[in-house]
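Visitor: Protein sequence lines, in the order shown, are assigned to chains A and B.
When the count follows my numbering, it moves up by one through the first sequence with no breaks and lands on 240 for the last residue.
When the count follows my numbering, it moves up by one through the second sequence with no breaks and lands on 361 for the last residue.
Just so you know, these hints were derived from the structure itself, not from any lab.
A few of these clues could be false.
Pairs of lysine-lysine, DSS-like flavour, derived with a Cα cap of 30 Å [unchecked claim]: (1) Lys104(B) with Lys209(B); (2) Lys239(A) with Lys330(B); (3) Lys223(A) with Lys14(B); (4) Lys186(B) with Lys114(B); (5) Lys239(A) with Lys150(B); (6) Lys186(B) with Lys206(A); (7) Lys330(B) with Lys285(B); (8) Lys104(B) with Lys204(A); (9) Lys212(A) with Lys318(B); (10) Lys239(A) with Lys168(B); (11) Lys114(B) with Lys209(A); (12) Lys223(A) with Lys209(B); (13) Lys206(A) with Lys14(B).
What you are looking at is a predicted structure, and each value in this text was computed from that prediction instead of being measured.
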Amino acid sequence: MKEYNEEDFLSISGIQHFIFCRRQWALIHIEQQWDENVRTVEGEHLHKRAHDESIKESRGDLIVSRGISVFSRTLGMRGVCDIVEFRKDKNGISLFGREGLFIPVPVEYKRGHPKEHDADILQLVAQCMCLEEMLACTIEKAYLYYDEMKRRQEVLLSEEHRQKIRKISLEMHELYERRYTPKVKMGKGCKACSLENLCMPKLCGKLSAVSYIEGRVKD
Amino acid sequence: MKKLLNTLYITTLDAYLSLDGETVMVQKEGETIGRVPLHNLENIVTFGYTGASPALMGACADRNIGLCFMTRHGRFLARVVGMSKGNVVLRKMQYAISEEEKACFTIARNCIFGKIYNSKWILERAARDYPMRLDVDKLKGASEQLSRYLNIIRGKEEAIPCEDLEQLRGFEGKSATVYFSVVDDLILQQKDAFFFKDRNKRPPLDNVNALLSFFYTLLSHDVASALEAVGFDAYIGFLHRDRPGRVSLALDMMEELRSVLVDRFVISLINKKQVTDTDFMKKENGAILLTDEARKKALNAWQSRKQEMITHPFLSEKIPWGLVPYVQAMLLARYIRGDLEEYPPFLWK
Ligand code: SF4
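Whenever a hint applies, use it, and build me the whole structure from the sequences.
Guide: Written as structure tokens, this is what we have:
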């Protein structure tokens, strides 16, 4: 199986961008352009809170670990888990310096409420796959926590999910290696896109610079 | 479209700028004379000589707010450039292009096309707006010559090639001569105080040149900030070769913007009598400078001009003209990243 070098790891947080629009992902992660808007700033605050205490707290049968960095060499991705709960379970794995066996259960904080698309779920799956690789275990379920609902949503990890992530990571790496920003495909997403100013979606071929200039030669 | 934010001009000479939370604090002799929240600002241009605190410089660099120091007479001193914000890919491509004559030419040609086109349409407009006051035939004659150069640099006149930067510079020079030869005609008021014989800049020797130099300097700062906001290195140009301390790429892009943004503005200041002869003073060396009062007036007029809306000719989108440098910088970036077959200059009509 192919393994990626650390310097080629891509950010898991880009999966949501990639699913929303590949060009948006490329503008942010390849061209490193980012139009900060209110939404993203709020998002960061939320995460700061979740990551606040990076110390582990131990409550009997539960170890809660915040803000752990995770990566996968086979996916070539890295990210940060908001929270990973290690639950004592006899079918679990051993943890260095801890007594007993544990099952890791990631919990990811999100703004708003559950979305129609599966970007949040897939991002969580990618984090789980990283954890699985780092802990040499299998993770069956994880949770998304939505601040507006104040409730956890269970996510069961399927092989289909994992396949999707493998495919997405391959595509991302392929674009990244070529440093290629896909051309605009205007869609309904463009209206809600925080990168519209940078992307200039009108340039989708409808506008021709050549005919614009040539038209003026005749003026 | 991105919003046009304000530019803060500090004309009080002994004002000191510092950061206080999220605001710029303007102090004079230890007293606070003003506060402006940073989030409303796009640029700070200061003519003061006491400077600014490093904390403010850092905050500006961080938030992509241009910070520029000028002498009291509007000569450029320095600009604060922070750690460059990413877009390594774009920069590397920019550097690669700058090493390649042919690729430079392709972009530079379009900037010069914009320059000639815009100056031509300034003449055409004047001929249409003031047929009773102007020598229309003379203006039309100049305009036709400019049209000819437009054709040549687009390769439409086979007998006269324009295929490299040197030839391009030649036609640029020729068209500038044609254009500047009639600029004086466009001045319709206060003719004895405001006349234009030729362009002189080091130092400017008459009122019109003093105004042009002042606003060209401000525009070059705006353009350099816009280029850097998009991720370019403003110092590496395609037409203008790099020279230490010169914002060559900003100068390239200014070619197409000078006449529409500055020349027209300066001429209208004069024609509307918003500036008069008493706004200028003459130094011992013959240099003409704006008085402190006049600078304030002129900056106010400039700031309101920036808010005026125009339709961007390529994007067909309404934008304030203050955003034109930013939009052009974006278009240049999109051309270099392969989204457009050519760089579309700003073509005003
Ligand atoms: S504006 Fe549209 S095409 Fe451009 S990045 Fe956003 S969603 Fe993608």
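Visitor: For each hint given before, does the structure comply? Return the numbers of the non-compliant ones in rising order.
Guide: 1, 6, 11 and 12
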